[in-house]
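Engineer: Chain B: place on chain A using the hints.
Just so you know, the protein sequences line up as chains A and B, in that order. Heads up: the first sequence at position 84 corresponds to 84 in full-length UniProt numbering, and the numbers run straight through without jumps. Heads up: the second sequence at position 378 corresponds to 378 in full-length UniProt numbering, and the numbers run straight through without jumps.
Worth flagging that the hints you see were computed from the coordinates, not collected in a lab. Predicted model only: the values in this text are computed from it and were never measured. Ideal Cβ positions, reconstructed from N, Cα and C, are used throughout, including at glycine. Mixed in with the good hints, there may be bad ones.
Selected chain B positions facing chain A (in silico; Cβ < 8 Å) [said to hold, decoys possible]:
no., residue
1, Lys45
2, Arg52
3, Asp128
4, Gln131
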Amino acid sequence: MENSDMPVMISVSTASVGGENMKSYSSESQRKPHGGPVLDKDTAVTILKYLKKKNLDSTLEAFRHEAGLIEPIGDVDLEDNDASDDVGVWSAYKTETDPLDYEATYNEFKRFLGNALDLYKHELHAMLYPVFLHMYIELVYNGHEAKSESFMKRFGPIQEYYYQQDITKLAMITRREHMKHNDFLDTLKSNQFTVRLSRDAYSVLRRFMDEKRAKVSVLLNVVQEHLYLDVYEGIPRNKEQVETTAGAMNGEAMQQANKGKVYYGLPKEPDVHVNLDEPVDSMLASEGGTSSAAAAVTTGAEDEASKPKKKKSKKDSIFSKKTKNDPNAPPVNRLPLPEPRDVDKKEKLRAVRESMKRITLGPDSMPSICFYTFTNTNVAKVTCVKICEDTSLLAVGFSDSKLKIFTLVPTKLKAMKKAEELTTIDKCADDVYARMMDESTAEQQKQLVGHCGPIYCCSFSPDRTMLLSCAEDGHIRLWSLLTWTCLVIYRGHIFPVWEVKFAPHGFYFASCGHDKTVRLWSTDQNQPQRLYAGHLSDVDCVEFHPNSNYVASGSSDRTVRLWDCVSGSCVRVLTGHKTSIHALAFSNDGRYLASGSRDGDLMLWDLARAYLLARLDAHSSTVYSLCFSRDGNLLASGGLDCTLKLWDYAKLAKEFAAESSAPGAATPGTTPHNPDVRMGEEELLLLGSYPTKKTPIIELHFTRRNLLVGAGAFDGAVVVASDISAKK
Amino acid sequence: MAEFSAESIKVIAESIGIVLPDHAAKELSDDVTFRVRHIIQDASKFMVHSKRDKMLTWDIDHTLKSKNVEPIYGFRAAESIPFRFASGGGRELFFNEEKEIELGDLVNAPVPKVPSDAQLKVHWLAIDGIQPSIPENPPPIGKDLQKRDSSDPAAKIIPGTAAHPQPPQTGKLRKELKTEEMVKIKDLATHELSVEQQLYYKEITEACVGADEARRTASFSTSTFRTKILFFNLFFGLEALQSLSSDPGLHQMLPRLCTFIAEGVRVNVVQKNLALLIYLMRMCKALLDNSSLSLERYLHELIPAVTSCMVSKQLCNRPDVDNHWALRDFAAKLLAQMCRAFHTSANQLQTRVTRMLTKALTSDSTHLTGKYGAITGIAELGMDCIKNFLIPLLKQLGEKLRSHLETGGPGSMHPYASGQGASSNADRVAAVHIQTLLVKSCVSALKICRNLPDVLDQYRAEFGFLGPALHNGVSKARAQTAAGKLHELIPAVTSCMVSKQLCNRPDVDNHWALRDFAAKLLAQMCRAFHTSANQLQTRVTRMLTKALTSDSTHLTGKYGAITGIAELGMDCIKNFLIPLLKQLGEKLRSHLETGGPGSMHPYASGQGASSNADRVAAVHIQTLLVKSCVSALKICRNLPDVLDQYRAEFGFLGPALHNGVSKARAQTAAGKVQRAPGGGF
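Okay, chain A solo, but in the shape it has when bound (with noise of 0.2 Å):
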């Protein structure tokens, strides 16, 4: 294809960037703890090393006296590279204290915890762990190796189960050598641990450390120097609200970081009520030949008259909050987008009639569901399946680099005919898009090929004729589903590509990966239009809101995190998760946010004011796909444990709704607590478990009718979770 002599340039471009790219995010790191002379000198020491390296003596010398450096310290900087770079970086870890005051110290502090009233105890118990984890660097750093090792085997068992992982990443430094060019520990010592404290907690604190200022002065360092104590006035939390927002690798959301307003309502479609009259009928009736939906049409002649009645009455029912201007929709222009063209209106239509076909889901009447499996695929396994928005495609990507793109519907992939030929084609005809297409190139399947690496997600364009992939090469491609060719690649991330994902409006795209970073990108510019950085481990789940104004992403930090594609900030970060996040879903009034993550937890989040809501215990494993159905009354997820949940959504809106209008229930920050979450209503809530033979659930679906598609690649070597147990 195209790209065969793509990989040798892909790899080295890659190279390159991120040996670049890693070196300034580092930099950037570096200044945030330290003042402004630090900063200074480092900055200098940088730039000093960069000439002495390219050998630009005169500049140097220049350089040097414009800085006015004394010249023995920049060369002893210069000559000892390593030294210098532990200077930077760690100086906040270099200490003289005796490696025997960190254990009685932290003794000392347990002891102080264990003691305090129970109001505060909960609240100042989220401190044990970032300051556990300080003195260990501190105790590694300063090589304390065996004290470290006691250290780690005494205080480390004792922490909560969901900072476990992250022990165990931190147990593996044992040395000064390893810490150096070690991701976690650049990210854990570049940003503070965050811990709120109520008012009357924090004073306890206080005078805790006053008190006994000789005898811990490790932990005071480690406080002031890593920990940003986030106190607000109010009552103390008890042990259900602190853990309910703890298990964060950084700690809760600072409340600032959540103040901001979200604009999470829908904006008034424009074109919805042009489309809902008389030119309907006529349009569709043109289209039906081609379309899948040609069965709709065929309703009769003796319903035509009673039709638009009809129609008007349903619409209103899906539309009201379109029509009404909701106060929370954020301005109709605030991001802009490109003119709908009349394919898109007339793909609305579709959907608006299709709709209208739809069967109200409920506990009362339960969707069916149609499962697509893979077999097969013990060669390449299958690595992401996605279904296009009207269920007419499925992409799915493979391990071995290949994406395929199966049709669900009885009309073939056909690909367009060469230029020479669409010339001669008479552009007026009715089914001037029929004939564009060549006829011989009909196929139930098609291959697209050219990433380098397994393929981890993919995206339908809204109007199909686009699709998006990512891949371990860390490239995204875009493709057309017209010429079935690869028309962009577009160069960006360094690291693998996780997710990507088309905006429900077309046009822009939000990609993330390993490299921490969320990309926001339009179709039409091979720069990333936006870049967030925030998160502290891989972003390994992005999602666009409804109304494609935000992106959410969940990533290994146990954060979500809101980000708004105008202003490009961060405005919502969601903490609560105990382990990574893989699956995200906006319900469909784009108030709400669903998560799923690695433990198969489901948490359901309120934007609006930045609370966690529920909590279910939905799977025993990760959880990967989450989809809400058309009429937003069911929630259903899927994941690695082979088993399809539906949730009775309603019902928990219903009761959200209620707490929301109630007195008291105020704008976000204002409250500094989170409302009681609701757990273990598992029970109560779960419609529908339906175990799949093996088949990890990889893309869940409700077509426009409610009809829920599942897919997946059926696994031999799975072991299915009541496998497990039958053997315990």
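Structural biologist: Just chain B now, kept in the frame of chain A:
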């Protein structure tokens, strides 16, 4: 956490020729442990994003790549590489087996088949919220759960253990109840079947045992849509029995089907309806084969039914014509399968079955047909059962068989026998069947537990009437198994006989003893396995003679050939050895008198050494020839032994032979005199 020990590092270093001091190994092991852990941590991210829960080599490759390290090429494997485990000397070792691959084979091998492409299949995971029981879906209640239910009925009450999917219809009801009062109550088992299930039951039972022969195997169709989905196999028109053995959703009907089988057997044993009994047993087998069912709870119904089909006195209306033996055999197989599948230390199933069968076998009142059933039952249970329960009874059984086979039946001993004439005929048939069965099943056990040689009289003494038949069977079986291996053994043994050199110091080590032993072995093989078909002895003799006459054979080889022929007996010596004596004598002479011809032996490296070893060999050959030929000569030559005749006939060896023969004759004569002092003289 696992780590690389310093020893491992040392071993790895040694494998590439570096010797590491201790502290360096320690330092390295620490570092390697850290790096490997680090890489594996990152690789788990690649694993999760590939939607797997098993790490593959690819994940490691990708991690290395992302760290700007060249991946290790050539270690890709789609499936996990099996680790072998070995322990010994107090050490435990895990390693993966690396086979040497012959490149030539690899190149010349036909190109492997292209792996089939991924396929997309679609099925209904749920229809209106209810999961249909089709092969694509897992069985509604897993086998392990059925088992757990049967072993621990209280499990459901304990919260948490009842983590299985409720059938949606009842589940909803239960949920509503729960909101009212949070009391955990064990679900009452729903005993009513849905309409579809009733229909299925009717169809299946009618098809299996109904009068309509065609339906049993032909497809049958049902009308309602739901039935079609629930019972996929019916929909696709498969056999009724196949439906029973493969449909996943039968557990609700299982109690009814089991009762059906039990009742059916009860009725049909009385009515002696062989055909129906066979079909009932096949139904039972089908249920047993169904991987989604656990029959444990219904064994109390099934085992009596199956046993009835084995040991009943009469299973058909015309016992002398119908083949009810096949049914008994089939039932016995079924019983054995059940015992294997469901025997636990708690239920002692196999023990109880064996006890029951042995009782039937020893009891006087059991009819011969019943005894047949008991025997085949025990025989199916395996070698141990045969050894412990059947073989001790062989003599007793044999006597009973003798009475039937030889005298025409004791008649009066069988209270159930209705008429003397008919009974004796049927009994005779039964006795013949039992005899065949006993011989067939006991032979393999006897072969293993009895040592060679098989003496007919011993057998007769031990097993009475059955002795000869068993002896015959066992020896045949032995011959068969051993004969199969001969093509490997004989060349090995022969090599030990005729190889030029078998030890490092041929002039000191006693390799002659090995040659003699191998010759004895070969002779024993020839005696044991020679048949007119394989012509074993002939072939061996021909081979040895050829070695003996060939000029290129070394003296030690000739020794082997001679001892081989000698061991094969007088006839061989007479026919193959004695004619060669003169020729051999000349060769020996040349070695013994002139110190070896030297030039005749191309392999001899140095004149002096060779002649010494050769001289030793020649002496050995001479002694051997004299020893082995003397007895043959003594018999085939008449008196008197004239020295010149011997010399003329046997050349160099003549005097020695003459001496030997005369001595032997004198000895035998003296012996005769001693033994019969008052006899001839």
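Engineer: Measuring from the C-beta of B:Gln131 to each C-beta in chain A, is the shortest one below 8 Å?
Structural biologist: This interface hint holds because 5 Å falls under the 8 Å limit.
Engineer: Grab the minimum C-beta distance from B:Asp128 to chain A and call the hint holds if it beats 8 Å, violated otherwise.
Structural biologist: holds (6 Å)
Engineer: Closer than 8 Å between Cβ atoms is the bar; does B:Arg52 clear it against chain A? Give me holds or violated.
Structural biologist: Interface hint status for B:Arg52: holds (7 Å vs cutoff 8 Å).
Engineer: Min Cβ distance, B:Lys45 to chain A: is it shorter than 8 Å?
Structural biologist: At about 6 Å, which falls below the 8 Å cut-off, the nearest Cβ of chain A leaves the hint on B:Lys45 intact, so it holds.
Every hint, counting from the list given before, is met by this structure.
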